[in-house]
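2 protein chains.
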Amino acid sequence: MGTEIRIIPIKGIGEISPGANLGTIIYEALRNQDITLQQRDILVVTQKIVSKAEGQTIQLTNIHPSPLAQTIAKQGSKDPRHVEVVLRETKRIVRMDRGIIISETNHGFICANAGVDESNVNGENSLTLLPIDPDQSAQELRTQLQALADKHDIAIIISDTWGRPWRNGQVNMAIGVAGMEPLIDYRGRRDHYGYEMQASMIAIADELAAAAELVMGKTEQIPVALIRGYTYPSGAGTTRSLMRESTTDMFR
Amino acid sequence: MGTEIRIIPIKGIGEISPGANLGTIIYEALRNQDITLQQRDILVVTQKIVSKAEGQTIQLTNIHPSPLAQTIAKQGSKDPRHVEVVLRETKRIVRMDRGIIISETNHGFICANAGVDESNVNGENSLTLLPIDPDQSAQELRTQLQALADKHDIAIIISDTWGRPWRNGQVNMAIGVAGMEPLIDYRGRRDHYGYEMQASMIAIADELAAAAELVMGKTEQIPVALIRGYTYPSGAGTTRSLMRESTTDMFR
Chain Y
1 MGTEIRIIPI
11 KGIGEISPGA
21 NLGTIIYEAL
31 RNQDITLQQR
41 DILVVTQKIV
51 SKAEGQTIQL
61 TNIHPSPLAQ
71 TIAKQGSKDP
81 RHVEVVLRET
91 KRIVRMDRGI
101 IISETNHGFI
111 CANAGVDESN
121 VNGENSLTLL
131 PIDPDQSAQE
141 LRTQLQALAD
151 KHDIAIIISD
161 TWGRPWRNGQ
171 VNMAIGVAGM
181 EPLIDYRGRR
191 DHYGYEMQAS
201 MIAIADELAA
211 AAELVMGKTE
221 QIPVALIRGY
231 TYPSGAGTTR
241 SLMRESTTDM
251 FR
Chain U
1001 MGTEIRIIPI
1011 KGIGEISPGA
1021 NLGTIIYEAL
1031 RNQDITLQQR
1041 DILVVTQKIV
1051 SKAEGQTIQL
1061 TNIHPSPLAQ
1071 TIAKQGSKDP
1081 RHVEVVLRET
1091 KRIVRMDRGI
1101 IISETNHGFI
1111 CANAGVDESN
1121 VNGENSLTLL
1131 PIDPDQSAQE
1141 LRTQLQALAD
1151 KHDIAIIISD
1161 TWGRPWRNGQ
1171 VNMAIGVAGM
1181 EPLIDYRGRR
1191 DHYGYEMQAS
1201 MIAIADELAA
1211 AAELVMGKTE
1221 QIPVALIRGY
1231 TYPSGAGTTR
1241 SLMRESTTDM
1251 FR
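Sequences listed follow chains Y and U, in order. In this text, residue positions in the first sequence follow this note's numbering: the first is 1, and each later residue adds one. In this text, residue positions in the second sequence follow this note's numbering: the first is 1001, and each later residue adds one.
Among the clues, some could well be false.
[Claimed, not checked] For the chain Y half of the interface with chain U, some residues (derived, Cβ under 7 Å), not all of them: (1) ARG6; (2) ILE202; (3) ASP206.
What the hints contain is simulated information worked out from the structure, not anything from laboratory work. Yeah, the Cβ is synthetic: ideal placement off N, Cα and C, and Gly gets one too.
Let the sequences and hints guide you as you build the complete structure.
Below is the structure:
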């Protein structure tokens, strides 16, 4: 805190194919920009390229929608095959209205359409799913990039762009982390008056993901951002700690 | 997009008293850090100092809680006077459980406790309320800072730190804006495959507020951050466009 933070777009990362070695691709892109990774750098990587590299894509032509998927699709003028894939990625439907499904995903995230996105993979109309275990994906990327850069304290955030209740517009959020704690817990600490801080757990991984989106844009092809200068708490945190327990959640 | 963004903490802003001239105070703090405001700089200012400058604080000793406030307070072991103030700032109660109130504020924001915070104002135990019209507050700050800096294209965001459904931890969000559009609407634009973007309105004001929090911390006294290098859409936007219409909101 108290020092300047830089958010740097990492360019030149082309189309990602299934099986692609993301660590090497990102490392090369950094080198092409003359960036040497430093201890305590943070790399924010969009879910889409992680999913593509991991082969988490599905071709619509192979999907046979269930009757429920067909019914839901009709209400929202959606492709029933798309809805079918959303339902397969869903552990629980939190809300459903006019073809919009707010899902609890198999991971425990709550988001629209279970994070399933339309995409173009090798010229075919297909869908990308979230990584099976985004924290594990982040951890693997971290191990790889740390080895390539010969550093031992780099953090990785995998991000996706989600809507929120009550507010228009989507924001980038963290769906996978490695090498850091995603929350800072100020409870019990005192502010400069000696007051005990209340209800102050800050979801820094989400704030870092949001900050990264500002250099990523949407129509450009910038799926990675480097954040430098932020003093995050190192640790073996996972996004599980970002998932609110249902007992304290008034909106399930 | 595509260029580096810098987030710079603005230090040395002391305690803010009712009636304080925030524009001058921030301008002096910038000068003390040898920062010259540039066209298209963004200043993110925490709600707390805006509310204090505007006298949006209430001493608990003057509050006489209603029977409802007393009932709610008992369920959550809260101060009934605090609950009374929350109720006065609330247009509609969205959820209420164990003393926690999710309010729709008089402005139309939905947040815990109507944005009412415990605070210390001149050594007295008191509460800060949200500014009466945070967009107007942002506009006034903008006019003032632009005049002082002799610039005509500076954006202001007033931020507050709020929780979210489903996710642990709070993040900074925009509650007032001036000189910019708080959303970028990518709908109808095409990505690099020629695909039409779907459901892509990005709440950049919220992402900028989140980014700013990273240099503000919680226990330090850094209530202002400068964001430089981000190409935002200029305009006369307000946070009203960030408020989701109840007809498209599944969580009211």
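Evaluated hints:
no.: 1; hint: ARG6; result: holds, 6 Å
no.: 2; hint: ILE202; result: holds, 6 Å
no.: 3; hint: ASP206; result: holds, 5 Å
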